[in-house]
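*Asks:* With the hints as constraints, model all of the structure from the sequences given.
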Amino acid sequence: MVQYEGANYKLKNYLPLKLMKENITRYLPFATIATVAIMLLSLHFGWLNMFSFDSEYANVQGIDYFAVPKSFINLLEGRSIFDTWGGTPYGPRATWYLAHPAFSLFVASWFSFFPPWISYWLFILFSVAIMAYCGHIISKTTTSTLNKHLAYFLMLCAFPVYWMLYVGNMQAPLVLALALIVVAVYELTYSEKESDMKAANQKLLAGLLISFFSKPIVLLMLPLLLFTKETRRITIISLFIYVIVSFIFIIVPVLNPEGIGWNKLMSIVFDFDFIKENMNIYKNQYKLNEYMKDNSIHWLNLIAQSEYKFMHIDVFSLPVFIDTIVGKSISAGIYKIPIYISLFLSVGVAVIKDVKIRLESTLLLIMAISLSFFLSYNTIWEYQFTSVLPIIALMPMLKERGVFYRKYISLMCWIGALIYLPSFYFLVRGGDFSGNALTIIRLDRIIPVLLLFLIMILQVGIAVKKHAHFKQMSRFRIPENFPEKLFFE
Numbered sequence: 000m001v002q003y004e005g006a007n008y009k010l011k012n013y014l015p016l017k018l019m020k021e022n023i024t025r026y027l028p029f030a031t032i033a034t035v036a037i038m039l040l041s042l043h044f045g046w047l048n049m050f051s052f053d054s055e056y057a058n059v060q061g062i063d064y065f066a067v068p069k070s071f072i073n074l075l076e077g078r079s080i081f082d083t084w085g086g087t088p089y090g091p092r093a094t095w096y097l098a099h100p101a102f103s104l105f106v107a108s109w110f111s112f113f114p115p116w117i118s119y120w121l122f123i124l125f126s127v128a129i130m131a132y133c134g135h136i137i138s139k140t141t142t143s144t145l146n147k148h149l150a151y152f153l154m155l156c157a158f159p160v161y162w163m164l165y166v167g168n169m170q171a172p173l174v175l176a177l178a179l180i181v182v183a184v185y186e187l188t189y190s191e192k193e194s195d196m197k198a199a200n201q202k203l204l205a206g207l208l209i210s211f212f213s214k215p216i217v218l219l220m221l222p223l224l225l226f227t228k229e230t231r232r233i234t235i236i237s238l239f240i241y242v243i244v245s246f247i248f249i250i251v252p253v254l255n256p257e258g259i260g261w262n263k264l265m266s267i268v269f270d271f272d273f274i275k276e277n278m279n280i281y282k283n284q285y286k287l288n289e290y291m292k293d294n295s296i297h298w299l300n301l302i303a304q305s306e307y308k309f310m311h312i313d314v315f316s317l318p319v320f321i322d323t324i325v326g327k328s329i330s331a332g333i334y335k336i337p338i339y340i341s342l343f344l345s346v347g348v349a350v351i352k353d354v355k356i357r358l359e360s361t362l363l364l365i366m367a368i369s370l371s372f373f374l375s376y377n378t379i380w381e382y383q384f385t386s387v388l389p390i391i392a393l394m395p396m397l398k399e400r401g402v403f404y405r406k407y408i409s410l411m412c413w414i415g416a417l418i419y420l421p422s423f424y425f426l427v428r429g430g431d432f433s434g435n436a437l438t439i440i441r442l443d444r445i446i447p448v449l450l451l452f453l454i455m456i457l458q459v460g461i462a463v464k465k466h467a468h469f470k471q472m473s474r475f476r477i478p479e480n481f482p483e484k485l486f487f488e
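Using numbering that gives the first Met the number 0, read the sequence shown as starting at 0 and increasing by one per residue.
FYI, nobody ran anything at the bench for these hints, they're computed from the structure. Keep in mind that the hints are not guaranteed to be accurate.
To be verified - Below, computed lysine to aspartate or glutamate pairings styled on EDC-like, alpha-carbon distance capped at 16 Å:
id, residue 1, residue 2
1, K355, E229
2, K139, D195
3, K139, E399
4, K355, E399
5, K335, E306
6, K282, D272
7, K275, D322
8, K139, E186
9, K464, D353
Claimed, not checked - What follows is a set of in silico ranges between Cβ atoms, one per label pair, in the way DEER data are often shown:
id, residue 1, residue 2, range
10, K406, L145, 16 to 22 Å
11, S330, W116, 42 to 48 Å
12, L238, L145, 34 to 40 Å
Note that CB positions come from ideal geometry on N, CA and C, so glycine has one too.
*Replies:* Encoded structure:
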């Protein structure tokens with residue numbers, strides 16, 4: 000009788016949870032659609048403007064977008080892709096175009112033949128479709144209906160997504176690239192069929208190329224992907240394609256109308272002091288010189304801004320966050336520590352003998368490396384936190400798989416949930432934006448990313464310490480039949 004009562008007690012407590020889960024599963028798609036509809040309507044009616052300084056006090060809607068179609072119009076007119084403010088203006092405002100020049104030709108061209116505001120709205124729908132496709136890709140990794148629906152919700156229903164749409168930034172392709180990469184490594188870890196492994200490699204190749212030809216954040220992941228046996232071949236192939244296409248956009252005059260020439264480019268490409276001093280858009284007060292109109296600026300800008308801190312209310316990076324708190328500028332080199340830690344662990348992960356643990360560690364470290372961008376780079380805008388969304392959306396699937404860090408996944412999800420909320424600007428709006436106010440505004444962006452990074456790095460470190468066999472490093476060598484082995488085996 001006691002046993003029956005105990006079972007009955009458990010049943011009574013289980014039924015409400017089961018019912019709640021069923022209701023969430025049933026209504027979550029409607030909540031997702033409603034949230035996206037509210038965001039799109041707010042772009043017109045301004046319902047969410049109170050949650051950002053720029054949308055409340057500055058007229059910046061579409062500011063990051065209009066340079067995108069303008070870049071292709073410039074190309075048609077024989078002007079530099081990067082000469083955003085040259086020639087006839089396109090749209091009422093614009094920031095500087097800085098994507099790969101190939102993005103201008105292969106994507107921006109689609110939207111350049113429409114009037115500016117129609118083009119903006121078409122791009123908004125394009126971006127929403129990409130974010131939904133990211134949800135679709137992640138949802139395919141699970142059989143749980145709830146987690147499938149949750150994947151779409153987590154990819155679409157976050158305030159950074161709204162801000163990405165508001166300013167019209169071309170961030171969605173990068174989010175797609177990251178979603179493809181993390182899902183590819185996930186599938187490489189758990190797939191058993193050869194066809195599934197092939198599909199995973201195709202996703203990895205697509206993800207790497209999309210990032211290379213939009214925003215090259217995956218550059219930080221390359222050491223890990225090259226060290227890891229299962230991802231090395233595809234990474235080399237993607238790099239080969241990237242280098243060839245990029246080289247074409249440097250040497251072909253019609254694709255680089257205001258190029259500075261190969262000799263002049265080689266004379267400055269390794270002169271980092273010159274690049275930092277003369278090719279920084281903020282230092283130059285938004286005036287472009289001849290070096291900044293050459294297609295090489297897409298790569299050299301990373302160097303130009305590597306140590307410069309743009310102290311702006313809407314900049315959300317750890318360097319700016321810490322410098323605001325302490326009231327002085329700390330050496331930029333200190334903030335590169337997360338990158339150095341990631342590089343060190345990349346070597347350790349590569350020599351983990353257990354294949355499953357190695358690939359689970361690889362995926363976790365890839366996610367951590369994508370977060371190191373927010374901790375080490377100086378100029379981070381709020382929309383860029385959309386790149387965290389594929390990580391959070393994949394967490395429920397990783398928990399299903401029982402990964403070695405499974406017990407921390409719920410904690411990481413709760414921490415990551417803060418990123419979905421608006422920044423804390425609305426708590427101090429209308430006041431004096433002093434150091435304390437700026438710290439409050441950035442809290443629910445910087446702290447969650449920092450905590451997630453630390454948890455991930457700690458777990459990867461534990462896996463490396465427990466499973467890595469560093470003696471295997473002595474056995475790393477180039478195959479005698481390279482490159483035939485690389486491409487045809």
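*Asks:* Hint by hint, work out which the structure violates, then give me just those numbers in ascending order.
*Replies:* 7
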